[in-house]
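> Chain by chain, the residues run as shown.
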Amino acid sequence: MSMEGKTRRITIDPISRLEGHGKIEIFLDESGNVERAYFQVPELRGFEKFMEGRPAEEMPQITSRICGVCPTAHHMASTKALDALYQVDPPPVAKKIRELFYSTFMVEDHALHFYFLGGPDFVVGPSAPPQERNVLGVIAKVGVEVGQKVIAMRRKLREILAAVGGKPVHPVLGLPGGVAKRITPEVQKQIQAVAAEAIGFAQFTLEIFHDVVLQNTDYVNLILSDVFTHRTYYMGLVDQDNRVNFYDGWIRVVSPDGKEWARFKAHQYLEVVAEHVEPWSYVKFCYLKPIGWKGFIDGADSGVYCVAPLARLNASEGMATPLAQEAYREFYATLGGKPVHHTLANHWARVVELLYAAERMRELADDPELTDPHVRTLPTATPREGVGAVEAPRGTLIHHYQTDERGIIQKANLIVATQNNAARIAMSVEKAAKGLITGHHIPEGILNMVEMAFRAYDPCHACATHSLPGNMPLFIRVRDPKGNTVATLRRDFDGSIHRDA
Amino acid sequence: MDRGGHGGVHQEGEALVEVGGSDARIRILCLGNDLLADDAFGPAVGKELRRSIPEDVEVITTQAAGFNLLEEILGATYLLVIDTILTGRNPPGKVLILRAEDVQVVPGNSPHSVGLFETLELGRRVCLPVPEETVILAVEAADCTTLGGSMDPRVRAAIPAVVRLAREIVHGWRKGTVRTAHA
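Quick note, the sequences are listed as chains A and B, same order. With the working numbering, the residue at position 233 of the first sequence is 274, and numbering never jumps. With the working numbering, the residue at position 57 of the second sequence is 71, and numbering never jumps.
Since the hints were made in silico from the structure, they are not lab data. Heads up, some of the hints might be wrong.
[Claimed, not checked] Facing chain A, according to a computed beta carbon distance under 7 angstroms, are these residues of chain B, among others:
1. 81
2. 132
3. 161
Everything numeric in this text was worked out from a predicted model, so none of it was measured. Glycine included, every Cβ here is placed at the ideal spot set by N, Cα and C.
Just chain A, same shape as in the assembly (with noise of 0.2 angstroms):
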């Protein structure tokens, strides 16, 4: 979304426009390999029209009922763009009680997509029969008990996030300022309790991890294949001496090879981020402006980056925490030094990051300093322009508002985490594609690498916030190098494969 509200009419051929279906193009060269690929999902629409002309200290509450999927986060970068379009620097309390609340949060997050949303790639295992590749086929592996275990951490994380801040989903914590209300001592303890509770459960997850996929040579070997790997720059938050950090810090990109080339502060996003606009897309693609869009390519002189937890180890020197830490270090260890480029390891750094963030929340929760009910700084400056980030889950949230004086939004821009991705998603497909196509033959295989190919991703796209389909639609054509369709594979949301040669 582009803050100078540009606007760029996308004609978008009828006959492809199956609403609700993910859809993925593939253009054939003269001798029948695949040429190009191009991977474009439902996206939300309007968004700054829509918030244009509302008062900005609605946002963190009509942002976060945006998406079904990571509404905390909305919450939370919008809360921090209000921090800085009132100009006003919360009490360091409000500032622990937001960290706190968010490192629940993204437990809570990274525990569901560990278990039920990737697991079925890598706990069931990719070749496992389609039929056994999903959350029931992870239920069958890892035990009854097991489920039930990750259903009651879930619980007990979502009665701290109601507790704190009001309501599970969609939070009504966040203030300019500060926070809404005070963490009492009855609170304190209950969250002393779950936080310790859940590093034993980020700890056995992280055995889990050990014993079902790094044991197994087979899924070891497809983490590290090349169709799952790209060399691009890794963005991600870090704190002062440059570890994760899911709350607040300097925004640090690092190269292809491992060195820091930016850190800034978010209210510098515009220097370093742009977007890219494709004709065939909705989707606007980030690239880092200073290097310049090349293409859907590798390498140190693309501007392709992407975000998430991989892209978070990697644009990090370490873990705040010392069993984080310790996994951080084996992870490395294990996949051959920094950075890692295989988008795959994005799962085994979900559980590193799983671990940091049970570990902050015991230390924050043991804070003395987090009853103090001193929770804002009542704001006094008039309103103009404010940027908040923080770590979504599935990586970088940008918030930008400018408002008028009595706080009115006149532009909004939000850079989503899967934005950050879509350059590197797209690119993931069309190496599965140019790996599985030739001709016109359409393999039904493919649509296994490329859901699993943005699985890792953990993208956050329209068609996911809806609950009623079970199979995300997709829609395969190939054309020819005239532009002619030569076959079609459409899966509907039934699971019916329909094809056309």
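Using the hints provided, position chain B relative to the given structure of chain A.
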């Protein structure tokens, strides 16, 4: 999230695992986001239903999706879900009646979500109190991705029919409940 006044005794975030009493509990779950064009359908039906549904029926409106619905489905004996669906096969506004039992749990889920059916099955496998019967009333939508967009007139026009169907289904369950109670 907005919980109906009728029997909506749970605070948000409270796990609905412990079900008090032996009475059958009927819950209507209206899914959707009122900011997203046709996705506002579920909440709109929820609003209508609150005016006209018996007091012992819970009406819950939520925009939670996938696995986040687990807490919302637990503890009900009968569950009616109101939602939009994008199959691309029907004209917008077409109402589909689906039974969880009839829908095959399919693998390779959307990149980000565990679907409602998988969530139900997951709950069952790990021995949580999932509904004995789940019916979904889904209306074919035209657009669920435009923020601030208004509902397609054909989708909006389906509200009265879905409200009527919901009442009939609930009525059937209540009759069944009474019979069971006397048996």
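> Where does the structure disagree with the numbered hints, that is, which hint numbers, in rising order?
none
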